[in-house]
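S.K.: Here's the letter readout for the chains.
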Amino acid sequence: QKEVEQNSGPLSVPEGAIASLNCTYSDRGSQSFFWYRQYSGKSPELIMSIYSNGDKEDGRFTAQLNKASQYVSLLIRDSQPSDSATYLCAVIGTGFQKLVFGTGTRLLVSP
Amino acid sequence: GAVVSQHPSRVICKSGTSVKIECRSLDFQATTMFWYRQFPKQSLMLMATSNEGSKATYEQGVEKDKFLINHASLTLSTLTVTSAHPEDSSFYICSARDVLAESTETQYFGPGTRLLVL
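First to last, the sequence lines map onto chains A and B.
So the numbering used here is basically just the index in the first sequence, starting at one, shifted up by 82.
So the numbering used here is basically just the index in the second sequence, starting at one, shifted up by 20.
To be clear, the hints were calculated from the coordinates, so they are not data collected in a lab.
You may find that some hints are simply not true.
Said to hold, decoys possible - If you anchor each label on the Cβ, the simulated ranges turn out as follows:
#1 A:S122 with B:T100: 24 to 30 angstroms
#2 A:Y133 with B:K86: 33 to 39 angstroms
#3 A:K84 with B:D85: 27 to 33 angstroms
#4 A:S94 with B:T102: 31 to 37 angstroms
#5 B:Q62 with A:L190: 18 to 24 angstroms
#6 B:D47 with A:P96: 38 to 44 angstroms
#7 A:Q179 with B:P131: 19 to 25 angstroms
#8 A:Y133 with B:E83: 32 to 38 angstroms
Unchecked claim - Pairs of lysine-lysine, DSS-like flavour, derived with a Cα cap of 30 angstroms:
#9 A:K84 with B:K84
#10 B:K86 with B:K34
#11 B:K84 with A:K180
#12 B:K86 with A:K124
#13 B:K61 with A:K180
#14 A:K84 with A:K124
#15 A:K149 with A:K84
#16 A:K124 with B:K75
#17 B:K75 with A:K180
#18 A:K138 with A:K84
#19 B:K86 with A:K84
#20 A:K84 with B:K75
#21 A:K138 with B:K40
#22 A:K124 with B:K34
#23 A:K124 with B:K40
#24 A:K180 with A:K138
#25 B:K61 with A:K84
Note that this is a predicted model, so its numbers are computed, not measured.
Glycine residues also receive a C-beta, built at the ideal position from the N, C-alpha and C atoms.
Whenever a hint applies, use it, and build me the whole structure from the sequences.
M.R.: Structure representation (C-alpha cells):
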C-alpha cells in the first residue's frame, strides 16, 4: 500500500464547475497535510495546509480533512482553465519531518 | 515572503562531469532544506534532508558519495552530482522550511533545476 494515494486522473471539469480532488494516506498518526499545485515543467506551489479535522477555506479553495477515515480532499470552486495542473497531496507522517507526496491528480478545466 | 531560489535553472553536461546546484532561501533562514528529484510523469522523490552545520540524511537508495550535499549557512544548500551519467538526467528541486513561520512544517519549493547529461 502506498503511503499517500491519489487518482492520477485526468479529472476533467468544465469552466465554472467545482473540482474535487481526493487523497488517502496510510499513516494514522499523520498530523500535517498539504496540497501543492504543479504546472508542467515547474516546481510545486503550496496551495493549502490543513492540520485539524474539518474544512479550511482560502478563496476558491477548500481543504477537507477526516483523520478517522485517513482522507484529505481539495475542492476548487469556479474552476478556471488556469487551474489546469497536477495537484499533489503531501503528508508529514508520525515522527518525521519529511513530506511524502502522492503521485498527483491531473486536473483539466475546459473553457 | 518565503522565496526559494535555485541556480542554475537548466544545465547540460557531459557524462562523467560534476554539476553543482545551489538552493537559497532569499528572505528567511532555513535550518533544514530538502532535495527532491522528479522524473517525467512521476511524483517528487525525496533524496536527502540537509541540516545546517551537520551531515545530510539520505533516503534509502540514494548514494551519498554521488550526490554530495553541503548546507554551510542558514540560507544556502548545495547539491553536487558527481560523475554524472545520462540516468541522472532529471528535474532536481529543493525546498526549505521557515522555522520562524507560523507553520514551521510548511516547505517552500525552489523553481527547480533541469539537468541533462549527454
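S.K.: Taken at face value, is the distance from the CA of K84 (chain A) to the CA of K86 (chain B) at most 30 angstroms?
M.R.: Within the cut-off at roughly 27 angstroms; holds.
S.K.: Checking one constraint from the list: CA of K75 (chain B) to CA of K180 (chain A), max 30 angstroms. Satisfied?
M.R.: holds, 16 angstroms
S.K.: Per the hint of 18 to 24 angstroms, is the separation of the Cβ atoms of Q62 (chain B) and L190 (chain A) within bounds?
M.R.: 19 angstroms Cβ-Cβ, so the 18 to 24 angstroms window holds.
S.K.: Under the criterion that the straight-line Cα-Cα distance not exceed 30 angstroms, is the pair K138 (chain A), K40 (chain B) satisfied?
M.R.: violated, 40 angstroms
S.K.: Look at the Cβ atoms of Y133 (chain A) and K86 (chain B) and judge whether their distance stays inside 33 to 39 angstroms.
M.R.: Holds - the Cβ-Cβ distance for Y133 (chain A) and K86 (chain B), about 36 angstroms, lies within 33 to 39 angstroms.
S.K.: Compare the distance between the alpha carbons of K124 (chain A) and K40 (chain B) with 30 angstroms, and conclude whether the hinted pair is satisfied.
M.R.: Holds - the C-alpha atoms of K40 (chain B) and K124 (chain A) are around 20 angstroms apart, at most 30 angstroms.
S.K.: Verify the proposed pairing of K84 (chain A) with K124 (chain A), using a straight-line Cα cut of 30 angstroms.
M.R.: holds, 24 angstroms
S.K.: Check whether the Cα positions of K61 (chain B) and K180 (chain A) lie no farther apart than 30 angstroms.
M.R.: It holds: about 22 angstroms lies between the C-alpha atoms, which stays within 30 angstroms.
S.K.: Go ahead and decide if the range 31 to 37 angstroms is satisfied by the Cβ distance of S94 (chain A) to T102 (chain B).
M.R.: violated, 44 angstroms
S.K.: Compare the distance between the alpha carbons of K124 (chain A) and K34 (chain B) with 30 angstroms, and conclude whether the hinted pair is satisfied.
M.R.: Holds. K124 (chain A) to K34 (chain B) sits at ~24 angstroms (cutoff 30 angstroms).
S.K.: Taking the CB of D47 (chain B) and the CB of P96 (chain A), does the distance hold inside 38 to 44 angstroms?
M.R.: holds, 39 angstroms
S.K.: Within 19 to 25 angstroms: is that where the Cβ-Cβ distance between Q179 (chain A) and P131 (chain B) falls?
M.R.: holds, 23 angstroms
Hint check: violations occur at hints 4, 21; the rest are consistent with the structure.
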